[in-house]
Structure formats: C-alpha cells, structure tokens
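S.K.: Residue-level listing of the chains:
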Amino acid sequence: MSARDAGERVLTRRDFVKVGTAAGGGLLVAVTVPTASTSLAKAVPGAEPTVINVFIEIALDGSVTITAKNPEIGQGSKTALPLVVAEELDVEWSRVRVRQADLDERSYGAQFAGGSWGLRSSWDSLRIAGASARALLVAAAAGRWGVDAAECTTEAGSVAHPATGRRLGYGELAAEAARLPMPRDVEPKRPSEYRLLGSRVPGVDNPAIVRGSQRFGLDVRVEGMLYAVVSRPPTYGATVVDYDPERALAVPGVEAVRRIEGRPNPTHMVDGVAVLANSTWAALNGREALDVEWSPGPRGAESTQDLRARFAEVIEQPGRTILRDDGDVATAEAVAAQVIEADYEVPFLAHAPMEPQNCTAHVREDGCDIWAPTQSPGTVQQLAAAITGLPRGSIAVHMQRVGGGFGRRLLGDYAAEAVYLSDAVGAPVQVLWTRDDDLRHGYYRPAGYHRLRASLDRDGRPTGWLHRLVSTSRYEFRNDPAGPAASEMYADDFPAGCIPDVRYEYSSVPTSIPTGAWRATLHSGNAFAVQSFVDELAHAAGRDPVESRLEMLGEPRELPYGDHGGPLFDTGRMAHVIRVAAERGEWGSPVGEGRGRGFAAHFTFGTYAAEVAEITVSPDGELRVDRIVAVLDCGIVVNRSSAEAQVQGGVLQGLDAALHSEIVIEDGLASPRNFDGYPLLRFNQVPDVEAVFVESTVPPYGLGEPPLPPVAPAVANAIFAATGRRIRRLPIRRRIPSTSP
Amino acid sequence: MIQLTVNGVSHDLEVPPDTPLLWALRDTLGLTGTKYGCGVALCGACTVLRGDEPIRSCVEPVSGVEGASITTIEGLALTGSAPTGLDPVQTAWLEEDVPQCGYCQAGQILTAVALLRRYPSPTDEQIERAMTGVLCRCGTYHRVRRAVLRAAGLPTGRQADSPEARR
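Each protein sequence line maps, in turn, to chains A and B. Sequential numbering of the first sequence, starting at 1472, is according to the working numbering. Sequential numbering of the second sequence, starting at 184, is according to the working numbering.
Wrong hints could be hidden among the right ones.
Claimed, not checked - Below, a sample of chain B positions facing chain A; criterion: calculated Cβ distance under 10 Å:
hint : residue
1    : Cys226
2    : Gly250
3    : Ile310
Said to hold, decoys possible - Covered by chain B, according to a simulated footprint, are these stretches of chain A (three or more residues, beta-carbon under 8 Å):
hint : stretch
4    : 1596-1606
5    : 1745-1754
6    : 1786-1792
7    : 2154-2160
Note that these hints are calculated values from the structure, not bench results. Even for Gly, the Cβ is constructed at its ideal location relative to N, Cα and C.
Isolated chain A (complex conformation) (with noise of 0.2 Å):
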C-alpha cells in the first residue's frame, strides 16, 4: 500500500494550536490548519484553499462541546467529524456536545458540504485539535503529579498514572491545562488504537428529530416574520411584463405583492413576484388569485424532445474539447480486429429533497440574520451582499439542519429571495417553494448523450477508446469560467491510463434549462455510459466482464487523478474491491432462469466502489431488482453506522435514477408538479443492500456519492444477462423492452 497511513506521520505543528481559558473556566482548544490540498478543494464548487479550525471546549465538569463547522444535509458530518476528536482526545461519546457553528469562515475556512469532501478536508485538523487538548491535560496532570507526562495514560475522559495509580478527570484538570504551553510533539493516534472510529455511532441530532424538536429551515420562527410563495416564470428565462396585485391582496392575510427581480446569473435568482401574507395558506391562496404576464424566455418553448435530436445531431461532430488524446484512437481503429460503437444518453435530474427549498431573513439597516437551509452558507452570505449592500461581516447566516441536499443546495438563490423580499418589505421574510415549485425550477442534474467506440484486438482486449459526451453544460449554464466541460466529463477517468489510445470529447449544446451539481455530479451519467460499455466489450469478446475489468486495469499502480477525489487513483485498490465485489456478490455462481447479474465498478470523491446487482425480470418484462452488494474503499471507516446509511441511501438514490426518474421538458418548462410525476423509490421498492467495507489505515474519503454511479449500470448489465436487452438509455423504467434499442 504506497497511500499513507493515518498514523505515519508525527504532526508538529504547535503554532496552529491556540489555547485559552473557556468562558466558565475550563479548557478552550483552537486549532487552525491550512488545507493540505489545493488541488482537491478546487474541485468543488467554494471551497477555497484556505484554513480549517476545529474548536474544543472542556469544561470543568469534565463536559466536552466540540463544534461541527459543516451544514448536517443527512450525511452524518455532525457527528462523524466530532467524533474524531473525541477519538484522540479519549473521551466517553456520551460526554460529548455538538454545537453547530454558524457561518465564519474568517474562522472555520470554507464551510460547506459538497463533493464528499468533509471528512477528508478536517481529517487532520480534527485529530491535531483532539491529540493536543488531550497532550495539554496529560501535561496539567504531569505537572501536579510531578511525573514525567509519558508516563500518563489516557482514557474514557481522565488521565492515569499506572505506576501510582493516581487518577485525574479532565474537568479537573481543564482549568490548569488552560494555561500551559502547547507542548512540543503532539502524535495521533494509530489506527489499530482507535476505541470509537469504525463503531456504530448514532447521530447526535436524533433525539429531537424522533420528538418532532429538531429545527429544519422551514421551522424557523421570527417575530413579526411574513410568509412568502413566489409566482415563477411559465418557461425558463422568461421575465416579468407586468402584474396586478390587486386579486391577490383582496385575499385575508396577504399583506403584500412584490416583483422579484433576477439577477443576472440565473443560479443567483430569477425573476418572479411574490405573494408576502401572515400565513403560508395566505400566501398559497394569493399566489393563486395573483396575475402575472411574463415574456418569453430566450429560447421559448424548449423540450427535452428536441434537445435530444439536437444532442443526436452534435454527437456526429467531433468534440469541441478534448480532455484526453493519448497515441492515436483513428490508428488504432484502423488496425483494430473489431471496433465496437454504442450510444448511451441520460436525462434530467431533479434533486427532490423532501424539505422544498425554503430560507428565512431579517434584513435590517445595519445588517441581516438569515436562517438558511443550505450547503454553501458562504455563497448565500455573498448573495445577500450583493443584493444589499451590506458588508459580509454584518450578514449572519445561521446553518439549519437541512432535510436533504443532493446537491440542490450548493446554490443560493432560495435564500437569495428571502433577503430580496425582506428587504423590500422592510420585515423578516420566510421564503417557501412548493413541490411544484421546487421540481419544476429546479437546477437538474445535466441530461446528457455519450457516444463510445472501442478499438479491440484479436484476443477481444480493448485498445483504443473514443468517448464522445455532448451534454447541456451546468457550468456554461452560469457562465463559468471554467469553461463547459468541467465537470461534465473527467479527464483521467477510468480508462484513461488503462488504454494506451484514449480520447475524450465534449461539446455541450446551450439551453435555458436549469442545471446544476447533483449527487455524484456527472459521474451519475458517465459511469452508466462507460461501465456498460465495458459491459458490451466483454460479452462481445466472450469474455468475464469482471476478469476483463481487472485486466483492464493491469498491474497495481497510482495513476494522476486531477478531478473529485485525487490527485490519484490506484488501480490495485480499485481492482481490489472489484475481486471482493465479485466473491460477495457471488459472480459466476448460478442465477435461475429470468434473473441476472451485473457488475460495475467506479472511482470518484477518492473512494473505490465496485458493486454486482442481481435482478429478476418475468417472462412479461417486469423487472425487480433484488440484492445490490456495494463493496467500497473509503479508507478508515469513521463512523459505521453513518457509512452503511450513506451507502444504502446512495445505493437507493442511483437506483431511483436507473429505474424512474426523469424530468422531462415541455413547452419551455418542466412538466411534473408532484411525485406523482415525478416518483421516487419507495418502501416496497427497495432490494436488499449489502454494504462492505474494505479494511484500511488510509486516511478517510468521502461516502456521500461514491456508491451512486455504479447502480444504473449494474442493473443494466444485469437485465442484458438476464434477457440479453442491452439498456443504452435511462431511465430503464419498470418493463423491459422487448427488443434492444
């Protein structure tokens, strides 16, 4: 294993620790850290490379309250991040607070949750800050023992002197510890001393979510608050002409109509009115009787339909980027045995989380409080400066728990209307969209069209590899600089590196659609194409598709990986959970008639995921998925029970977009108000799913996106082994076709 262990390296770092005297005079430990990464943190949309503090706080009574800097979106970082330092520092969970932070970035660094990246951003942070408060009360007690501190031992909360057998409890010592100098060389802990990391950990908000007592956005409360609704443009783009009020105020409890103006990044906010009321009733029962005219938006009556001819047409042109040209795909081809050419395509994506986007501000001369469901406080803090004028540091952006993320979240224009709306009215504003308004506005996970074409020799080994992805480009959506096909496709995806002609190719085709990062970004999409393909390449050759992944990817190695997860990607980890994939998942055992297996494997947000779903489809075409085994290699599991959550929910949403979902556009607009339109996976729905966790002393990567992007193709390499359809586009739906498309 040439990645580094957790436990390898001595952290000297004494300048970024800060002690000081807690306000009830216990213990106050400040660790700052500047991100090791840059290349990593580039990688996800706000995060800049900056500094990570960690704050701990003990108290004389021997409590604990570490603070969580991250949004909690149900990925568990309230409780997984906390729990490494109190890992280090040996102290009992149970006398453990989590206070969430609120937006401070000049404090915390960045503070966001995206790209699967919190643990592995405060991984080090974390331990210093626990290692050093533990090494500082280990010197308090030394100190009034008189004994050489390495003689000190440390558990559950108290420091011991074996020889004497002298016992002291941190609360007892917090207040001299306080003010001691930090010692020299503070060590974290080795893996294999770990009393807390890789147990199951339940998460620290639960009791008061099973009483109903836990605060989402849409809890918020503020004196004097009025309930908004937004009428929203009927085709994207389009703006507002003109509108009478004067129906929508005739309604009781509606107190006021404002015209929303957009800005001119369409993820920032778009132009709508708003219906202000004393109650969310009110406001609803306004935005019905409210009359709006709206221009058409700049590309009018947009459709999905006609995206995809047009996406059929621009497939057949060469890519306008090329992230990749190694050797020479057309030599290749020329001089192949046999060349395989498939086409994949992907739809939109609408993040659906169960709590509608919503956001509560108080805009004030001197400054704002905003109370937001969100995962980038930092970019709601800029929009709300923008919009008004204020300084950021007069902008508090209170973190709520959110009910669900996804990615939909990442962006701040929900919030942005609240402080819009709250500023016009000169009153705290609580902003609401309803399920129509969130399915229908949202910013959809890309739709895509992806075209591979494998060069094969004459043992079936594939030589040369064209992929060719047009899709509708998120970033060019919001005019980013980084150009359009970032984050669309990924240079050094697999098999890049593998194959020595590989050429990768993007165009994207501009639309008013709204698109924006979602689970697993496209890795949700090009996995399907890729691993698929894979798929075909084996069957075609009469190969295993599991042996010929694994001599795909060659000998163990570290290859660059510049995108989610790197700076590399090792194929010996990655062929690794492949091999326990296929032994767990019973690969090549038989099946019976009507069912399948199949398998596929991929690398992203730093973690391996190889996966085998096994399936049933009746002789009438009806499919069930029954057992998905999800074998990942995330490094140190943290917390298991949090782990196993984000892999069965990860696994359930990439079966959701494999099996149901899509939205579709009509006439300039998304077509489904509700989840009858628009259904996700539901109780009777859900196959059984395994979880493995490959053992490892490698510090952790991220699970919230990792076990997503193998689900659709699995399942659809297993109904090509069970009925010999190829599924070449999502979503698969609930019959299979009675012949291949």
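Following the hints, put chain B in place on chain A, whose structure we already have.
M.R.: Just chain B now, with coordinates in the frame of chain A:
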C-alpha cells in the same frame, strides 16, 4: 372558530375553515414537527394521528377535524410508555439510528405508531402496505423496516454491513 384537541390540549382556532390542518399546526399553533413535503397527500411527511388513525394533515381542512383529538410528533412522547417517556417506536428509531436528514421521520414514526396500534405484531405485508405511503429521499427504508420490527418485538435480521473485507 374551530375547536380541536392537539396533544391533549384544546384549542380554538381562528383560521379560515379550509386551512389545511398542516398549516394550522405549523403557523398558528407553532407545532413545526409536522412537515410539509408535497401538499397533496403523496409523500406522508405531514402525517398526524386522529385518534389512532394516520391522516395526511396537508389535505385535511381544519373544518374536517373539528372536535377531533390530534396527536403530532411533539405529543407522541407524552403518551409513551417507556421510562424515557418515548413511544416504543421512537425508542426503536433511536436504537436503529434511522434518520439521515431527518425531515420525513415524523411522518414515518407516526405511520409506524398507527400500524402497531392496529397490528401489534404486523406481517411483512402489513408493514409494507403502511410504510409504502411515506417517502424518504435519503433512503432510510431498510432501517425504517428494522425499527418497526424492533418496536414490535420481532426479529430484525442482520445488519446490512458485512464484516470488513481484509486487504
């Protein structure tokens, strides 16, 4: 004026009679534990109990529950039997670490409570029929099933994560 009892407390609500119970609970009574998810009875996030019966508060006008006794997630613990005051379903939810984002969980829990009041030892089919009505986008369904079984005192089966694969 519409009279109804919520979590054992009688209220006289001065809201238009067509106001959905959901918004009366949230905006008028300040009981925000009941969640808005879809507004048209498709997702179950807004589930509350009328007596022992689960209802979708987003489509139930307050005029339709006049005089009724409503239990919301905030009131469930008040009637609980465990030493903590929690309902056994809430306890099982904690033990199984069910929530991910947590937003749909009040609806999941109250639906499970209603199920177990009707069928104290539910069959798989009864569990499926009841719980299929409540959406969870995070994908907590496996643990919802385990928690329902645990609350009913039935075997929950093995954890979904196998022993680690050694490298």
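S.K.: If a hint holds in the structure, say so; if it does not, say that too.
M.R.: Each hint tested on the structure:
{"no.": "1", "hint": "Cys226", "result": "holds, 6 Å"}
{"no.": "2", "hint": "Gly250", "result": "violated, 21 Å"}
{"no.": "3", "hint": "Ile310", "result": "holds, 8 Å"}
{"no.": "4", "hint": "1596-1606", "result": "violated (count 0)"}
{"no.": "5", "hint": "1745-1754", "result": "holds (count 3)"}
{"no.": "6", "hint": "1786-1792", "result": "violated (count 0)"}
{"no.": "7", "hint": "2154-2160", "result": "holds (count 5)"}
Hints 2, 4 and 6 from the list above are not met by this structure, while the remaining hints are.
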